[in-house]
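**Student:** Residue numbers (the working numbering), protein chains in the order written: chain Z, 1 to 226; chain G, 227 to 488.
It is possible that part of the hints are untrue.
[As the list claims (entries may be wrong)] In silico SDA-like cross-links for lysine to any residue, where the CA-CA straight-line distance does not exceed 25 Å:
(1) G:LYS272 to Z:ILE108
(2) Z:LYS28 to Z:GLY199
(3) G:LYS272 to Z:ALA106
(4) Z:LYS28 to G:ARG295
(5) G:LYS394 to G:PRO354
(6) Z:LYS28 to G:ARG306
(7) G:LYS272 to Z:ARG94
(8) Z:LYS28 to G:HIS355
(9) G:LYS272 to Z:LEU59
(10) G:LYS272 to Z:GLU102
(11) G:LYS272 to G:THR417
(12) G:LYS272 to Z:ASP45
(13) G:LYS272 to Z:SER48
(14) G:LYS272 to Z:ALA47
(15) Z:LYS28 to G:ASP290
(16) Z:LYS28 to G:ASP296
(17) G:LYS394 to G:GLU456
(18) G:LYS272 to Z:ASP42
(19) G:LYS324 to G:GLY418
(20) Z:LYS28 to G:ARG350
[To be verified] Examples of chain G residues toward chain Z, derived with CB under 8 Å:
(21) HIS267
(22) ALA287
(23) SER288
(24) ASP302
(25) ARG306
[To be verified] Over 10 Å on every C-beta distance to chain Z, these chain G residues come out as not near it, computed from the model:
(26) GLU376
(27) GLY388
(28) LEU392
(29) ARG421
(30) THR453
Simulated from the structure, these hints should not be mistaken for laboratory data. Predicted model only: the values in this text are computed from it and were never measured. Every residue, glycine too, gets a C-beta built ideally from N, C-alpha and C.
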Amino acid sequence: MSRRLAAAGARVWLADVRTDWLDDAVAKLRADGHDVAGVPVDVTDHASVRALADTVGPLYGLVNNAARADGVGGKPVHEITPEEWDSLMAVNLRGPWLVSREVAPAMIAAGRGRIVNIGSDAALYGSPRLAHYIAAKGGVAALTRAMARDLGPHGITVNTVSPGLTGTEAAAQIPEARHQLYRDHRALNRDQQPDDVVGAVAFLLGPEAGYLTGQQVVVNGGFVLN
Amino acid sequence: MDLQLSGRTVLVTGGSSGVGLATVAALLAEGANVVTFARRHDVLEKALADIGARGDRVLAASGDVRSARDVQRVVDAGVRRFGGLDGVVNNAGQSRMKPLAEATLADFTDELDLKFASVLNTTRAALPHLRESEVASVVTINAVLARQPETRLVTSAAARAGLLNLTKSMSIEYAAEGIRVNSVCLGLIDTGQWRRRYEESGTAQTYAEWERDLAADRGIGLGRFGTADEVAAMVVTLLSPRASYVTGAALDVCGGVARYVA
Chain Z
1 MSRRLAAAGA RVWLADVRTD WLDDAVAKLR ADGHDVAGVP VDVTDHASVR
51 ALADTVGPLY GLVNNAARAD GVGGKPVHEI TPEEWDSLMA VNLRGPWLVS
101 REVAPAMIAA GRGRIVNIGS DAALYGSPRL AHYIAAKGGV AALTRAMARD
151 LGPHGITVNT VSPGLTGTEA AAQIPEARHQ LYRDHRALNR DQQPDDVVGA
201 VAFLLGPEAG YLTGQQVVVN GGFVLN
Chain G
227 MDLQLSGRTV LVTGGSSGVG LATVAALLAE GANVVTFARR HDVLEKALAD
277 IGARGDRVLA ASGDVRSARD VQRVVDAGVR RFGGLDGVVN NAGQSRMKPL
327 AEATLADFTD ELDLKFASVL NTTRAALPHL RESEVASVVT INAVLARQPE
377 TRLVTSAAAR AGLLNLTKSM SIEYAAEGIR VNSVCLGLID TGQWRRRYEE
427 SGTAQTYAEW ERDLAADRGI GLGRFGTADE VAAMVVTLLS PRASYVTGAA
477 LDVCGGVARY VA
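So here's chain G without its partners, still in its complex pose (with noise of 0.2 Å):
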């Protein structure tokens, strides 16, 4: 199925690495223009250029996500560049680990700071330009954390909790202007940070049998950690004409580890 995304133009934060990166590629490989930015634009530019994803297509450009004026900056250039912009995703802020009995007020503002900032400077930013989009599309990235609590990752479950009703305020607000925003949560997906906790645990079982073991403890139904390109699939669908009757919803990419039904 086409996605009709071809010659569209997508926002993506946080586009140096895992998800954001993956999402980069699949936009491209889609035939859309791609804008992305990162604080860093030489390790930017380095990821970009490693999946090859470099050329006409793509703006990259620098800038902090928590500035509005470099995010406004950043969708100016995009929209000079390609014309316009037809949708944003919304992927910056790793977890904290910390349990609640070490974690400071200080953590949880930080990190609600960083995720509401990120939303609301770029989807702000990118609006003008979305209204002037027949196929206006807004994806935040976050975690089954936000609906699913750890004891491990309380501050982080906090704020996406927080990130998940944002963005479906947002998608009410926006309905009526023909602006979907949705949520895709993530469950256990590797982009590398499991690769080297194995290689850290220095256990002696294959990364196969670690990874197994470590799937059931969890309980991921699917028995192994997703990956980037797995979430990239759901978040393109989502930007895409195709999905134009979904909005406010949340998506779960996650092999099953979400308990709850609704």
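Chain Z with its partners taken away, still in its complex shape (with noise of 0.2 Å):
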């Protein structure tokens, strides 16, 4: 995602909880010749996300891309732990939350800006042992209705994109029969790839998606249709 918005001309910001990974990435964009930067945030720490706001300044454009998915699911509804549902929906659903609500004053002051927030078209499938998961994933998609509603007049636009099960480092983790499950009832007989979400992001931060707010985009070969 950050490489395609760099190559479309975006000066983009990396942040991530995992510094490591932020740096190699950020290195090998820059390496690319890519105008990205990185900036280390913990969205579950209000401090760390308020430097984060202070760190990058105004934005035209906000991903709110971090999700806990791998090592969560395996866990019918009775069984997962109270402390296990509040650690994830910390991440995952307030997490999106609070970095618009640090990052939205500044796009407020400057009456634009586009937030996009990543679902999970898990969350409209109802797939079976990842019910927190689910619940926080179905949360984003309800939190960006109520923000773009209270962002609207200020110029921003608020919409989620849910990718399906995709070829990711977490989704290694999943089952093979879920990936089979995907396969055989995807309108388009092929795996997902992370690339397959960035033209939707791209498109809803793009000057062509100005009027297209409070919606869910759901990006996934066509195995829930929307």
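Join the two chains, each given in its own frame, into one complex according to the hints.
**Tutor:** Structure (structure tokens):
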């Protein structure tokens, strides 16, 4: 996503809690001539998110992509512990809200801005043994609608992009049967790649999407049809 | 006299208290942009808010000066935000109170590590940008202790002597590139710690009396502690293009407590 946006001429800030990954990603993108910089953030920590907002200054666009997806599945709803529930919510639902909260004032002052929240089609399908993740991602789609109403008068659009099951590191831990389920039921019969989602995100951040807000764009090869 | 710092950008380490914070305030008052960072962003944020030093000309990031990667990220962010970097104030590291008899080797090396790492990390990360500036200036905050040791502060004195020497080396190394490098050596500056010691002492004296007696005992010619603002004024002067022919210097802000000639 960062590569695509930088290639399109955007100046991109990469923010991540994993500073080793962050520095590697920034170094790679810079080596390719992209205008990127890294900033560490823990989206669960208010002071850290304020530091992020301070560091990056006024933004045109925000993509709330940070989420815990690895190692969260496997338990039915009655076995997920309150601690597991709370810690996942802190990252996956409170996180996008908290970052938006700190970034929005500068967008409001500028009278424009674009926010894209990354959801999941799992929230639409209701994947089994993933209740807290699904509740958070469903929450993100609902949060998007609320933010679109609150921020619309200030010229800010807010949308959700919900990928399907994607070939990322986190997805490698998902059972093969789930991957096969997606393969069998997608309208487009191939595995989803991270690149598949960036077009929708770039479009929503771009000049042609100025009248599109509060919506959920599901990019999943036609698994759940929204 | 206009210090010609308006629109310039300066990185200040340790900006959340004392001399660092006073330097941030002084730079903002001169119209400069300030990049500063601390391990605890909430502490930094509160300190900056307390002195009204917020807004578009301040970038307050989180990071540890001992981490080259943290410092690189902060410098990157500052350059990105303000378009360049014209100055660095190396101001990190406290002095430990320890007599020689109690000091372990680790006490010495820890103190030296912090002081060397903070200066080397910041100056190296800033260097490519300082080379682009026509008014580049680096100021290292040091202490009279570097040249006039005290028995109570032996580990710090040794580390500070190294820091003074390193700063001098940098001034020689970078002079050909037009980057000035100087040290500011502090005497006894009251950034709150002396007030605390006064209150802990349980003395019947007023603070002014207690300060006067202590100043006499320590041999401070001006008879009082210095303030962070008095240090910041010298730091900002050295950052200014008005000090364009000053490099490799070690200037004391010490009220006359230094007894050496050179």
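**Student:** Are the hints correct? Go through all of them and say.
**Tutor:** Hint by hint, here is what the structure shows:
{"no.": "1", "hint": "G:LYS272 to Z:ILE108", "verdict": "holds, 24 Å"}
{"no.": "2", "hint": "Z:LYS28 to Z:GLY199", "verdict": "holds, 21 Å"}
{"no.": "3", "hint": "G:LYS272 to Z:ALA106", "verdict": "holds, 20 Å"}
{"no.": "4", "hint": "Z:LYS28 to G:ARG295", "verdict": "holds, 15 Å"}
{"no.": "5", "hint": "G:LYS394 to G:PRO354", "verdict": "holds, 19 Å"}
{"no.": "6", "hint": "Z:LYS28 to G:ARG306", "verdict": "holds, 18 Å"}
{"no.": "7", "hint": "G:LYS272 to Z:ARG94", "verdict": "holds, 23 Å"}
{"no.": "8", "hint": "Z:LYS28 to G:HIS355", "verdict": "holds, 21 Å"}
{"no.": "9", "hint": "G:LYS272 to Z:LEU59", "verdict": "holds, 23 Å"}
{"no.": "10", "hint": "G:LYS272 to Z:GLU102", "verdict": "holds, 16 Å"}
{"no.": "11", "hint": "G:LYS272 to G:THR417", "verdict": "holds, 16 Å"}
{"no.": "12", "hint": "G:LYS272 to Z:ASP45", "verdict": "holds, 16 Å"}
{"no.": "13", "hint": "G:LYS272 to Z:SER48", "verdict": "holds, 13 Å"}
{"no.": "14", "hint": "G:LYS272 to Z:ALA47", "verdict": "holds, 11 Å"}
{"no.": "15", "hint": "Z:LYS28 to G:ASP290", "verdict": "holds, 24 Å"}
{"no.": "16", "hint": "Z:LYS28 to G:ASP296", "verdict": "holds, 18 Å"}
{"no.": "17", "hint": "G:LYS394 to G:GLU456", "verdict": "holds, 23 Å"}
{"no.": "18", "hint": "G:LYS272 to Z:ASP42", "verdict": "holds, 19 Å"}
{"no.": "19", "hint": "G:LYS324 to G:GLY418", "verdict": "holds, 20 Å"}
{"no.": "20", "hint": "Z:LYS28 to G:ARG350", "verdict": "holds, 21 Å"}
{"no.": "21", "hint": "HIS267", "verdict": "holds, 4 Å"}
{"no.": "22", "hint": "ALA287", "verdict": "holds, 5 Å"}
{"no.": "23", "hint": "SER288", "verdict": "holds, 4 Å"}
{"no.": "24", "hint": "ASP302", "verdict": "holds, 5 Å"}
{"no.": "25", "hint": "ARG306", "verdict": "holds, 5 Å"}
{"no.": "26", "hint": "GLU376", "verdict": "holds, 37 Å"}
{"no.": "27", "hint": "GLY388", "verdict": "holds, 29 Å"}
{"no.": "28", "hint": "LEU392", "verdict": "holds, 26 Å"}
{"no.": "29", "hint": "ARG421", "verdict": "holds, 27 Å"}
{"no.": "30", "hint": "THR453", "verdict": "holds, 27 Å"}
Consistency note: the structure conflicts with none of the earlier hints.
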